[in-house]
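Chains as they are written, first to last, in the UniProt record's numbering: chain A, 1 to 434; chain B, 1 to 434; chain C, 1 to 434; chain D, 1 to 434.
Accuracy of the hints is not assured; some may be wrong.
Same chains, same names: a pair is fine if it fits in one copy or spans any two.
What the hints assert, rightly or not - In silico lysine-lysine, BS3-like type, Cα no more than 30 Å apart, as pairs:
{"hint": "1", "residue 1": "Lys-53", "residue 2": "Lys-422"}
{"hint": "2", "residue 1": "Lys-260", "residue 2": "Lys-70"}
{"hint": "3", "residue 1": "Lys-336", "residue 2": "Lys-70"}
{"hint": "4", "residue 1": "Lys-169", "residue 2": "Lys-260"}
{"hint": "5", "residue 1": "Lys-260", "residue 2": "Lys-384"}
{"hint": "6", "residue 1": "Lys-384", "residue 2": "Lys-346"}
{"hint": "7", "residue 1": "Lys-384", "residue 2": "Lys-336"}
{"hint": "8", "residue 1": "Lys-135", "residue 2": "Lys-429"}
{"hint": "9", "residue 1": "Lys-70", "residue 2": "Lys-384"}
{"hint": "10", "residue 1": "Lys-56", "residue 2": "Lys-135"}
{"hint": "11", "residue 1": "Lys-429", "residue 2": "Lys-51"}
{"hint": "12", "residue 1": "Lys-429", "residue 2": "Lys-21"}
{"hint": "13", "residue 1": "Lys-260", "residue 2": "Lys-422"}
{"hint": "14", "residue 1": "Lys-53", "residue 2": "Lys-132"}
{"hint": "15", "residue 1": "Lys-336", "residue 2": "Lys-132"}
It is worth saying that the hints were derived from the structure and are not from the lab. These numbers come from a predicted model, not from an experiment.
There are 4 protein chains.
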Amino acid sequence: MIPRYTRPEMDAIWSQETKYKIWFEIEAHAATAMARLGIVPEEAAAIIWEKGKDAKFSPERIDEIEAVTKHDVIAFLTHLAELVGPEARFVHQGLTSSDILDTCFSVQLVRATDLLMEGMDRVLAALETRAKEHKFTPMVGRSHGIHAEPITFGLKLAGFHAEFQRAKKRLETAREEIAVCALSGAVGTFANVDPSVEEYVGEQLGLSPEPVSTQVIPRDRHAAYFAALGVIASSVERLATEIRHLQRTEVREAEEFFSKGQKGSSAMPHKRNPVLTENLTGLARLVRMAVVPAMENVALWHERDISHSSVERGIGPDSTIHLDFALHRLAGVVEKLVVYEDAMQKNLDHLGGLVNSQRVLLALTQAGVSREDAYVLVQRNAMKVWAEGGMLLDHLSADPEVTAALPREQLEPLFDIGYHTKHVDTVFKRVFGE
Amino acid sequence: MIPRYTRPEMDAIWSQETKYKIWFEIEAHAATAMARLGIVPEEAAAIIWEKGKDAKFSPERIDEIEAVTKHDVIAFLTHLAELVGPEARFVHQGLTSSDILDTCFSVQLVRATDLLMEGMDRVLAALETRAKEHKFTPMVGRSHGIHAEPITFGLKLAGFHAEFQRAKKRLETAREEIAVCALSGAVGTFANVDPSVEEYVGEQLGLSPEPVSTQVIPRDRHAAYFAALGVIASSVERLATEIRHLQRTEVREAEEFFSKGQKGSSAMPHKRNPVLTENLTGLARLVRMAVVPAMENVALWHERDISHSSVERGIGPDSTIHLDFALHRLAGVVEKLVVYEDAMQKNLDHLGGLVNSQRVLLALTQAGVSREDAYVLVQRNAMKVWAEGGMLLDHLSADPEVTAALPREQLEPLFDIGYHTKHVDTVFKRVFGE
Amino acid sequence: MIPRYTRPEMDAIWSQETKYKIWFEIEAHAATAMARLGIVPEEAAAIIWEKGKDAKFSPERIDEIEAVTKHDVIAFLTHLAELVGPEARFVHQGLTSSDILDTCFSVQLVRATDLLMEGMDRVLAALETRAKEHKFTPMVGRSHGIHAEPITFGLKLAGFHAEFQRAKKRLETAREEIAVCALSGAVGTFANVDPSVEEYVGEQLGLSPEPVSTQVIPRDRHAAYFAALGVIASSVERLATEIRHLQRTEVREAEEFFSKGQKGSSAMPHKRNPVLTENLTGLARLVRMAVVPAMENVALWHERDISHSSVERGIGPDSTIHLDFALHRLAGVVEKLVVYEDAMQKNLDHLGGLVNSQRVLLALTQAGVSREDAYVLVQRNAMKVWAEGGMLLDHLSADPEVTAALPREQLEPLFDIGYHTKHVDTVFKRVFGE
Amino acid sequence: MIPRYTRPEMDAIWSQETKYKIWFEIEAHAATAMARLGIVPEEAAAIIWEKGKDAKFSPERIDEIEAVTKHDVIAFLTHLAELVGPEARFVHQGLTSSDILDTCFSVQLVRATDLLMEGMDRVLAALETRAKEHKFTPMVGRSHGIHAEPITFGLKLAGFHAEFQRAKKRLETAREEIAVCALSGAVGTFANVDPSVEEYVGEQLGLSPEPVSTQVIPRDRHAAYFAALGVIASSVERLATEIRHLQRTEVREAEEFFSKGQKGSSAMPHKRNPVLTENLTGLARLVRMAVVPAMENVALWHERDISHSSVERGIGPDSTIHLDFALHRLAGVVEKLVVYEDAMQKNLDHLGGLVNSQRVLLALTQAGVSREDAYVLVQRNAMKVWAEGGMLLDHLSADPEVTAALPREQLEPLFDIGYHTKHVDTVFKRVFGE
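One chain only, chain A, in its complex shape:
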C-alpha cells in the first residue's frame, strides 16, 4: 500500500482496528448461534456481546501475545479473554482460526468492492456526461496511430462507457465470488460446530455459506476476484493511454486539467504533462501484478496450507486500495478534461482528405471498377498526399483513370463529414439506451 495512492475510506477497511472488530463480530455472532443450540449459555453469549461490542482491541497487546504463541488468532482470543472475562471460554467453540480469518477477509473484500463500485459509478457518470457533451464533436479516428476515418469524440467516450459497464458487471461477479463465509471447523466437517452456526453468522454478515470449505474458503474464488480487478485495471490503462496520446504536443486534442500553481517540470517551466494518466498506467500494472500470485495461491496442499496468507496480506489491501484510488483519479481526469475541438478539426483536416479514401474506393467499385483496380487508383493518389501534400480530391480529379469512372462533381460529395456521423445515434442508443 502506497500512502499517496490511498483514499482513507479504503484504508480504514484494511486497518488492524477494523480487522479485530470483524473478528469479534464473527465470534460473537457464532456464540449467539451456539447459545440458540444450547451449546453456549445464553448469558455468556450476551456478556460476550456486551463487553466486546465497544471494546478497544489493542493491536500492541495482541502483538505482544503473538510473540509467544506465534499464532495471531490465539493471541486475539487471549486478549479478548482479558476484556470479556471468564465467559470468553465459550468463544471460538469448535471453530478454527481460518473460520475467523477467511470470513473476515470476505467481509473486508465485500466492503472494498462496494467502495470500488462507487468509484466505478463515478467513472461511468463522468464518461456519460462528457460523451453526450461531445456526441457530435468530429475528430479523426486512428488505427495504428495513423489517421483512418472520422469519428466523434463522443463516440470514443461512449466506447469507454460500454467498457466500464462491462467492468462494473465484472466487479459484481467478483463480489459474488468472495461473498461467502465458512465456519466449518478444522477440516470442514462441522464435527465441532453445527452447520446452522455458519448459516446464522453468514446471514448477519451478508455472506453465503461456502458449500465445501476444507479448513479454508477455496482460493479459486480469490483468484477469480483478483483476476477481475486486473481486467478492470487494464481498462483503466486503456483510457489513460488514450488521454496520454491525445495530449501529445503534436496532437493536443485534449489535456488534463492543469491547476493554478502546478509545475510540470523542475527544469522546464513550459511543461504541461499528462502525469495523472501516466500515473494511472503505472497503477494498472500494480493492480495487475496481484493476478498471478492469487492464482498461485489456489493449489494449497490438502485441506490447506498457509502459503496464501502472506500473499493476501499484501495483495488484499494493495490491489483494492490502488484500484480505488485509480478509479477516482480517472473519474477526476475525465470530469475536468480540457477538450480542444479546434485542434480536433485541424488534425482531421491535416491529411488533405485522405480519411475519405475508403469512401472513394467504394464509390469506384459501385461505378463498376473492380475492387483491386479501385484500390490501386485510390492508393496511388493517396500516396501523393503523403509524399507531396495537397488535397486527395485534387489529386483524384487530376487522374484520368479515376475521372473516367467518377468525374470531379461525383467525387466532391464523397468528402462530407455527415456520412461518417450518421450512425452515432445508433451507437449511443446501444450504450446509453436512449
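Place chains B, C and D on chain A using the hints.
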C-alpha cells in the same frame, strides 16, 4: 501448441482451413445482408455463396499473395476472387479486415469454449462418481501437510466438485464475454456498412453485436476470457497437486492407474510415478501464462493497433488446446484413480489418536476447564505422542490434571470416527443437491 | 511456436530430428567414456557410434513405442536398439532419463542462444549505422509525450545501442547459466556412473558439469535464462514503441519502409501503418510470458518432479523462436527506417521556442533572479505560447519583469541549437568508444 | 510493504527521511562539482553543505508544498530553500528531477542489495554447516515424490548451497545493473550540466555514470534487477517446499523448530506445522510478482514518461523488504532445523530395498541379460513389493529367471548403502571446494 498435449477436435478449430471457412462465411453472410439492403445484387450474393461454400481455400496460395500485399485479409480476398469470379468485387463492401478477423476469432473461441465445456462435464461426472463411491471412506484431513482431523475421501472429492462447478460457471461467463461480433467498418462508425448487416451476421453465427467496436472488438473481453481459463487451470493444478500428495511413497493413499507395459523410469524399474498429475501441474502454468499478455493487450492505441494480434495467434490456440487436453487428462486420472482405503485407515491411525485433540479440548472446556488451560493440558500430552509415540488416550488418562476433569471413561468416546462424519450428508446435499 | 514468426534456422534446433540426434550423441559419448573406464567394451562403444551416427531416428516409430511404455527416453532407447543391435544394451548404463533430457535441453538452449546472438549483433550494427548517420540530425526530445528540449536522432539511437549492448551482455550471462550438463544418475549420487563420464560428455558438447544435479539440472538456471529473454524482449518493445510513436500521423518523423505492392488496410487505401513495430510489441509480450512459469518451475519436489517438462516443451522453443524472429525483424526495421529530417525540424520549431524555457530560466537565475521567481516569469510566458501561440522569445521580450533582468539581446542567443548538441560527442564516445 | 515481514534495517533504507537525505546529498555534491567548474560560487556550495547536512527535512512540510506544485522534487527544493536560505538558488542548476530521483533510487537499491547480501551469506553459512553435519546421514532420494535411490541429507543441502551460490552471483550482477547514476539534464544532452558533474557525484556515491540517460536511467536495468530477485525468491521457495515435504506427518524427517509456548492451531492442540516455510512460499510469490510490472516499465515513451514511478514506489521497497525478511527467516529455519535421522533411515528401509532396483538392473545387464529383459525381470519383482510388501531381495531370489543370471549371494551385495555414498566427497568438493 504442443502436439502431445493437443486433442484433434480442438486442433481442428484452430486450423488454417477452419479459419478461412469462417472468414468466407462472415463475408458471404454480410453479402446476403447487403443484398437485402439493395447494396449488393441478389444474384451476386447467391453466386458468392454457391461458388464459395464448398471451395477449398489454399493456405499456400494465400501465403503467396500475402508475401506481396503484407496483409492477410487482402490476400484472402484476392484468392477468393480467383475462386468466385467477378462477383467477388461485392465482397467485403464497407468492411474492414478486423471485422472479419475479430468476428472469426469470436467464433473460434466460442467453439473452443463449447469443447472445453465437454471436458469440464467429464471432470464433474468423474468427481461425482468417485465422491459418492467414497462418501464414507475415512481418511485423515491434513492442514499444513500435518494430520489434523478425520474427513472422508468423498468429502474431499465433493469439495473439488464444488470448485469445478464454479469453474464451469466461470467458463460460461467467459463464453458470454467473447460471443460478440463486429462489422462496423474502419473505425466503428458504420459509415460504409449498415448496422443491420452486423446484426444479421451475428444472428447467423450465434453472436451478439458488440455495442461499440472501434475497429476492433475491445480486448477487455479477451482479457476476461483468458483470465477465466487461468483460474480454471489453477483449479486443475489444485486437484493434480492433491493426487500427487496422496501418491507419495509414505502416504500412498491413492495412485494414478499404472498400465501394463508402462515404465516409470529408464533407470529404476521399481518406479510408479504420478506423471499425469505432475504434467497437469505444468499444463496449468502454461494456461496461466496467457493471462498477463491478454491483459497487456487491452490498452490498444486509439481505435486499435495490431500488437494484440501476434499475442492472440499464440495464446488463442495454445490456452484452449492445453486446457482442453488437461481437462480430459484430469478426468481420466480421476476416473481410474486407484484408491487404497486400507492405507487411508492406517495413516489415520498413525498418530495414536492425535487427530481427536480438538475434541478433547472442547470436552475439557465443557467440563469447566478454561480454554487456555485445556489447551495446555491437551498440547502437553499430544507432544508426548510426537516425541515418544503411544496413544493420546493413554497419555491423557495418565495425566491427573486431565482426569480430574474427564476420567478415562469419558475420554474414550471422544475417539470415535462417527463424530467427524455426521455432517457428510449435509455437505453432499450442498454439492450434489440430494 | 507460431509459424509466421519462425525462422527456419531456429526451428531446426527444436525439431524432433535434432533432439534425437543430440540424445544419441550424449549416449554415445557416455559409452565412449565408459569404455575408457572399462565398464563398456571398447568395441561396443565403437559399434554404437558407427551404427548410430548417421542413423535416421524415426519419430513415428518412437511415438509408437512410447504409446506402450509411456516414457519417451525408454522409447528412444528401444528404437536405438533396433538400429544398433545387441551392443545397445551398453547404452544408458547407470544413466537416468533426465541425464539425457536435461543435457540435450542445455545443448539446444546454447545453440538457440548463439543464434540469438547473431540477431542481437544485427540489431546493434543497424543501430550503430543509423546513429552515426543521424548523429547531428536535430529533433525534439519528449518527456511525457510533451516537447521538452532538443536532442538529435543519433543520440536517441545511441541510447538504444547502449541498451542493446546490455541486452547482449545479459544474453551472454544467460548462456553461461544454462551451458551445463548432468550425467549423475537417478538422484545425482553418481552411484552407477562415474563423475568422469559427466566431465567427458560435457567437454565434447561444450558444457560444464552441474556441480550438484539431483536427478535434474536445477531449474533456477532456466528461470534466470528465460528472465533474461524477458528483459531483452522488453528492450525490443521499447524501441518498437519509439518507432510507432515517430510514425504517428501528426508526428511522422520516421516511418517503417513501405514496400511496393504493400497494402496498409483492406478498407482504406491511404494507410501506411507501423505494423512491424506493433507486431514486435506483441512478440515482446509473448516472450515475456515465459518468465513466470519458468520461475514456477524452480520449486520441483525433492530430487525432481516432472511438472517443468510440459512447460519447457512450450517455452523452450517458443521464447527463443519468437525472440529470434523479433530481433531480425527489428534489425530490418532499423536498417530500412525512413527518416524525415524536415519533419523533425518542423516539429522542433512547432512550439515557438518553448523547448528553450529551461535555458532562459537558468540565465535568469544567473542574472540574479531567484529560482522561484525565474520559474514564475518563464512559466507565465510559456503558457501564453500554449494558449495563444507566438514565439516564446517575443513573449519574453514583451515582459518588462523579464527584460529588467535580461534584455532581448541577451535573450536571443539562448535560442540556438548548438547549445544542446555540444555533448553529443561525449555521449557517442561512451557508447561507441570513439 | 507488510510490517510483519519487514526488518527495520531494510525499512530504514526506504524511509522518507533517508530519501530526502539522499536527495540533498546528490544536490549538494552536484553543487560542489559545479563550484569547481565556476558555475556556482564556492561559498554557496559550502553553505549548502553546511546548512543542509544535518538539516531535518520535514516530510509534512514537503507534502504541504507538493499539494500546490503537484511536483515532489520542486516541493523538496522549495523546502530546502527554506532551510538553506538564498544560496539555495544555486541548487539543482541545470538538473532535472529525474536526475535526483533516479540517482537516489540507485543509491537505495544498492544499499538494499548490500543488505540482501548479508541475508544471502547467512543462508549460505547455515546450509554449509548443516550440510557438513549431515554429510553422511543417509536418506531416501525421491523423484516424483516416490522413493528413488539413497542419498544423504548433506548432499541435499549441498545442492541448495550450490543454488544459493548462484543466487548470490545473480544478486551481484543485479547490483551492477543498477549501480549507476544520471545527471544529464532534461533530455540527457548535458545541455545545462557538464558531464563532469555526473562523474563527480557518481564517484561520491559509488555509482557509475549511465552511458546514455534520456531523462531517466533506462528501465531495462531495473527489469533485470527485479527479475534477479524473482529468481532468487524461487530458490527460496524450492528450499521452503523441500522442508515442508520433509515435515509432512508421514515423512517427518525434519521439522521446523517449535518453540516453547508456540501454538500450532487454535483448534487442535496437537499441531506442529511448518508455518515458516509455508510463509516463505508465499513471500516468494510476493517477490516474484514484481517481475512483470518491472518489465512493463521498460517501454517508456520517448525520453521518458512517469508510468514507472508508481510501480517502483511499490515494488522498490516491497520486493527488497520481503526478500530480505525471507532470507533471514530461511536462514533461521535451516540453522534450527530439527533433523530426525532415525526417521530418515526408517523411510529409506520402508520399501523393502526397492531403492536398489537400478543397481540390480545394471548387474543383470553386466551378467549378460539384455537391458529390456533385465528391466522386465526387476520390474515384476519390484511390483510385488508395491502390491504385497516383503523385501525386494527375497522376491528376486525366488525368481528363477533372475537367479539364473545372478544367484542370491551375488544379489546380496547389491543392497549396501556405501555404493550410493561413494561420491559424496566428489560433490562436496565441487560445492565447498574442499
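Evaluated hints:
1. Lys-53 - Lys-422: neither (62 Å within a copy, 34 Å between copies)
2. Lys-260 - Lys-70: between (53 Å within a copy, 10 Å between copies)
3. Lys-336 - Lys-70: between (51 Å within a copy, 16 Å between copies)
4. Lys-169 - Lys-260: neither (38 Å within a copy, 47 Å between copies)
5. Lys-260 - Lys-384: The answer is between: 14 Å across copies meets 30 Å, while 45 Å in one copy does not.
6. Lys-384 - Lys-346: Classified as both: same-chain Cα gap 20 Å, cross-chain 20 Å, threshold 30 Å.
7. Lys-384 - Lys-336: between (40 Å within a copy, 21 Å between copies)
8. Lys-135 - Lys-429: within (12 Å within a copy, 54 Å between copies)
9. Lys-70 - Lys-384: between (76 Å within a copy, 21 Å between copies)
10. Lys-56 - Lys-135: The answer is neither: 54 Å in one copy and 46 Å across copies each exceed 30 Å.
11. Lys-429 - Lys-51: neither (57 Å within a copy, 38 Å between copies)
12. Lys-429 - Lys-21: neither (47 Å within a copy, 33 Å between copies)
13. Lys-260 - Lys-422: Answer is neither; intra-copy 40 Å and inter-copy 36 Å both fail.
14. Lys-53 - Lys-132: neither (49 Å within a copy, 44 Å between copies)
15. Lys-336 - Lys-132: Intra 15 Å, inter 45 Å, cutoff 30 Å: intra-copy only.
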